[in-house]
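Engineer: The lines below spell out each chain.
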Amino acid sequence: MRRAAGGLLLLLVLLLSGCGGDTEVAAHNDTDVMFLQMALEQIGEGEQVAAVAEKSAVNPEIRTLAAELRGQWQVESARMRDWLAAWKQPVTAPSASELHAGHGALHALQDGDIAGLRAAKGTDFDRIAVALLLGNLHNTMETLRMEATGGAYPEVKNLAQSMSTTRQGQIQRLLALAAG
Amino acid sequence: MKRRFTLPALTVAAVTGSMFVAVSPASAHGYISSPPSRQANCASGAVSGCGDIVYEPQSVEQPKGSTQCNGGGSRFTVLNDNSKNWPAASVGSSVTFNWVITARHRTSTWEYFIGNRLVASFNDNGAQPGATKTHTVNFSGYSGRQTVLARWNVADTVNAFYSCVDVNFGGATNPTPTTPGPTPTTPAPTTPAPTTPTPPPATTNPGSTTWAAGTAYKAGDRVTYAGRSYQCRQAHTAISGWEPPYVAALWTAV
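Chains as they are written, first to last, in this note's numbering: chain Z, 1 to 180; chain P, 181 to 434.
Bound-form chain P, shown alone (with noise of 0.2 Å):
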């Protein structure tokens, strides 16, 4: 493993430099996982195409009030596009949400729409919600495809979290499938899809073979890497960034 040596007075500059780095206000609370959401197809990998939402799905956090799925602004407007084939869950007509929530805001409400109309409303009278959120809402008279907007309305703030929820009540005529089957286009990828940077150069080392991401190794396995022989510590499957030379708790260099 490669020490570098930092210079204290450099540490110092740095340290100095970055206290003035402009922080970004919080902006990660929560969404509907289940049925799944618009910003958690985009995040699941079943719809393509959606931009940064993907890495935040529990940021769609805008002024309480608004009636779109980006809560109104210039952020994650992808949510809105109705053009975009987003899956509707099949359900029946008392649908559970579950929401995934990544800060506890005091809460007011929680709110249920179908196009403007409020179908229901969950007062929370400010306490903070639990470790999970899930709510049964009653959609008696509703049919086909239809937009749920489910709005999250923060007790100490002026803002809310948007969650637009597409489903199909009776489901019969719905073509995206009822199971959770994400649209082919992005494959979910099951195994993280590792980079290697400089992929190591093939070798003939008898009883050795080169290492690779996605492999299962066991202590006392061989492989070479960059050209070097390294022996493995302990059992673990290998990832990019976890290459030998870098990552002394589990190879050894022989």
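Looking at chain Z on its own, in the form it has when it is part of the complex (with noise of 0.2 Å):
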């Protein structure tokens, strides 16, 4: 009995110690989540155009650039959707919401762009391509800052943050290879 009542002692302080450890409490607001969704929408976008670039693009550089923007929103989009189910909110933000009309375009692809990327050949592949890429990552930007100036939750401020810094290197690169 006195050992039934030790190990429940014992399992309890576990517990408490487990729930406990932790009790920093941070807190998101709804610019947080108008980020997150916007930003895997726009994700969503570019990896349309980047898939296809990595694949067809005559200029490697555009190759290299597009398979790195891959591999970098695949992460990234990975800490996005962890925080926006930890905080139980939607993945794709809703269409018609107010809140996200002044920032950035959502659905700067129209029906046709792809096909019409698919089907260009050589040079025009590669200009299209860069042009669609800076479109996206331009509207990108405009989120990120939203988030840098609006946000609250500083992991998501310091990932907007570090991506601006890692887009706008990607800006350069691609504006180069437009002028190019």
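Keep in mind that the hints are not guaranteed to be accurate.
20 Å max Cα-Cα, derived DMTMM-like pairs, lysine to aspartate or glutamate [said to hold, decoys possible]:
| no. | chain 1 | residue 1 | chain 2 | residue 2 |
| --- | --- | --- | --- | --- |
| 1 | Z | 55 | Z | 124 |
| 2 | Z | 55 | Z | 113 |
| 3 | P | 313 | Z | 113 |
| 4 | P | 244 | P | 336 |
| 5 | P | 244 | P | 304 |
| 6 | P | 398 | Z | 68 |
| 7 | Z | 121 | Z | 61 |
| 8 | P | 313 | Z | 68 |
| 9 | P | 313 | Z | 124 |
| 10 | P | 264 | P | 232 |
None of these hints come from the bench; they were simulated from the model.
Please read all numbers here as calculations on a predicted model, not as lab measurements.
Two chains, two separate frames, one set of hints: put the complex together.
Structural biologist: Written as structure tokens, this is what we have:
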């Protein structure tokens, strides 16, 4: 009996310490949620372009950049989904939300864009791929800067900050490719 | 990976509070990327000291009718500064302009000016542009260094998007490089220069190295970060923000 009680006490202590070990509380706000939803949407669109560009671009620099973006997006979007799941928020932004209206174009790609890209050949393909990637990344930069100024959750803001740095470097490479 | 608990009450308060966050009007939509416009040269790092335009070269939106590179108004006045050393692309008399478009506004016209003279106008009759937009303009009769002002006149708003492109017709007397050689004042980083907030302490663990942004890791690689050891779960090139403790998809603590 004493043994059982002791075991129960131990279990209780373990449970309590398990829960109480991390009492840190960080609040997120609506901008964090909006940022994550929009960023996932923009990554999804960028992925469509980059997947085709990685395969078919003539210039190897475009293929490299597309592959690099896809790798980074994969990791970034996994973290974004984790946060939304933890906050019990949908992964997809409400399409008609007025909150989203001012921040970047959610649906920058239109029907036929990817088909048009696939149909293009040679330097035409490269020119269109670079323009589409630039358009996507410019919209992303707007969303990232929105989070940097209006977000609340430190880890999400940190991610937005580091993504801004990375994306700006990639925009510079794309602009050099566009000019060349 | 550290888990943080979010109190529902706090969440509700935060969500309710931020419903009233002012939403700035959309202001991003397009610019000329080739030959590089002034805002493209700012964003690419070819020209330094440009201010916020580097993050949004697509945002030079102002009421129609201006002949200024920033479209008038108080934003992005750096674009009007002719004393800045804007690179001028060497071109022939026929120039092809490529636009980057981030939002597809219904369009009335695309206009190209030198000085106050309209050189070419393309009427889209209210159609939406495609994924990209390209115009070829004939500048016969012009020579030497010139600034081309392009205006994208939106059909369903009072606004236009402005892009100034510095060109050198003939190219012979142009002191700036013909190929897009960015001026060396601000080197455009080809790899993102990461800022590591807390440099991990150097350790002497055998068989592992200190995690570093920019390094290509493959599955199974071992690193140390902030005194702890991690094993790579999938191949990737590390960037700032992907430090092992934060990205469970990439690193397992060992």
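Engineer: Going back to the hint list, which numbers does this structure go against?
Structural biologist: The structure conflicts with hint 8 only, although it agrees with all the remaining ones.
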